[in-house]
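Engineer: Please construct the entire structure, taking both the sequences and the accompanying hints into account.
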Amino acid sequence: MKKLGIMLMSFVLVFSLAACGGSSGGSTPANNAGGEASGSGGQKQVTLNMWLFTGTGLEPLVDQYMKENPHVKVNIQAQEYADHHNGLVTALAAGSGAPDISLVEIGYLDRFKAEENNFHNLADLGANDIMGNYLDWKVVQASSQDGSFIFGLPTDVGPMAMMYRTDIFEQAGLPTDPAALQEKIKSWEDFITVGKTIKAETGKPMVDSILSVFDVVKGQKNEHYFDSKGELIAGTNPEMKKAYDFAVRVAKEGLSANIAQWTPEWGAGMNNGDFAVMLSPAWMMGFMKGNAPDSAGKWNVIQMPEGSGNWGGSFLTLPKQGKNTEEAYKLISWLLSPEMQLENFKANGNFPSTPSIYDSEAIQTFSDPFFSDAPVGKIYAEAAQKVVPVYYGPSYVIANTPITNALGEVQNNNADPEAMWKDAITQIERELRR
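Here the sequence shown stands for residues 0 to 433, where the numbers follow numbering that gives the first Met the number 0.
Straight-line C-alpha distance at most 30 Å; calculated DSSO-like pairs for lysine-lysine: (1) Lys297 - Lys195; (2) Lys183 - Lys288; (3) Lys203 - Lys251; (4) Lys195 - Lys220; (5) Lys385 - Lys185; (6) Lys203 - Lys241; (7) Lys43 - Lys329; (8) Lys345 - Lys377; (9) Lys66 - Lys319; (10) Lys288 - Lys385; (11) Lys319 - Lys72; (12) Lys377 - Lys183; (13) Lys288 - Lys198; (14) Lys72 - Lys43; (15) Lys185 - Lys251; (16) Lys251 - Lys195; (17) Lys185 - Lys240; (18) Lys203 - Lys185; (19) Lys288 - Lys195; (20) Lys251 - Lys421; (21) Lys251 - Lys220.
Each pair of labels, with its calculated beta carbon distance range: (22) Glu67 - Asn120: 20 to 30 Å; (23) Lys66 - Gly202: 50 to 60 Å; (24) Glu200 - Pro263: 21 to 31 Å; (25) Ser227 - Arg433: 22 to 32 Å; (26) Asn116 - Lys72: 24 to 34 Å; (27) Glu222 - Glu252: 20 to 30 Å; (28) Arg429 - Gly146: 27 to 37 Å; (29) Ile75 - Glu114: 22 to 32 Å.
Just so you know, the hints here were simulated from the structure itself, not pulled from any lab data. Virtual Cβ for every residue (Gly too), placed ideally from N, Cα, C.
Structural biologist: In structure tokens form, the structure reads like this:
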């Protein structure tokens, strides 16, 4: 989703309780209690309050739903990522003010899973009948550990692929044809080798930032900072240390441009060719087209080495404070059906979480001249099916922030990597004891 990248700047605010205006609602759900007037066909008029963060592309589909269901009126409140989630945290803590429907991004979902009593179990509303529509790893994310409680229906996903500058690769004497380059970058070790060639031949670094590399390599692992029981394993999980060490190696080899994501310099770097590759989720395509217009036709796309990974993806949930449970469920199950997700993909590029449509002509033939007419629909469909499920845990951001801060110190201030790693683990343990 095009705005989800804002989360990297917003994560530090994850658990702050920022006041946020919203719909008023009682604390006890009552089905179809949103109004007494009857609409066409004698159906009772219902008003649904829906909270989204910006960039979802869902608003036009909601308008279509209201036209097809004139007894339903949907009031949408759309805010930036952090304000949206902090508003939901505040409303749930206060016991009132939450909407009938709220979007929750994956970075927050496990935090809300710890408050199961604040959400309707969609299994009670018939969600088990449609969960087979979604990617298996999205179903795992959407559900409680035993699968009995379904917190939300999956929206789009952010499978990862590698965008590369064909002009830089050609200047370095490397293949620019996707099939040939895919053979040359099968592993992360290959990635380093190619990066060193590019650096030597062109003077250009391979990537924007080592944080990008860390996030992707980490995202390919099925355990991060907590195990499936919620126990902290940040300091003992060898896979996380490997991801950290690999990012450090990218810095030490001079393969990072040291450009922070979501800064003006980042977009300019894409535009000017200040680095050779972008490790990108599907929704990043729109951002690149909007922020690096002069680079059109200079990018091509291949699969990520050693798997995919996922950046972003959300769920539509039904807070118990909402008043119109059954009508709210009808709306979200329609919005997130394979057919409607395909429409959102065609209109906005939000990659569907419903694999049954991955073989559709609309996805398999989807290409873009900005990316050298690469079959990006097919590439991201393959990538989405490589993603492994990960247990994040309600304290994920508390664990992730010190690690990424440590990498920032290594990259920007040449700090000692081992000392920074130990300090980060100590900080995580200290924060979790509070």
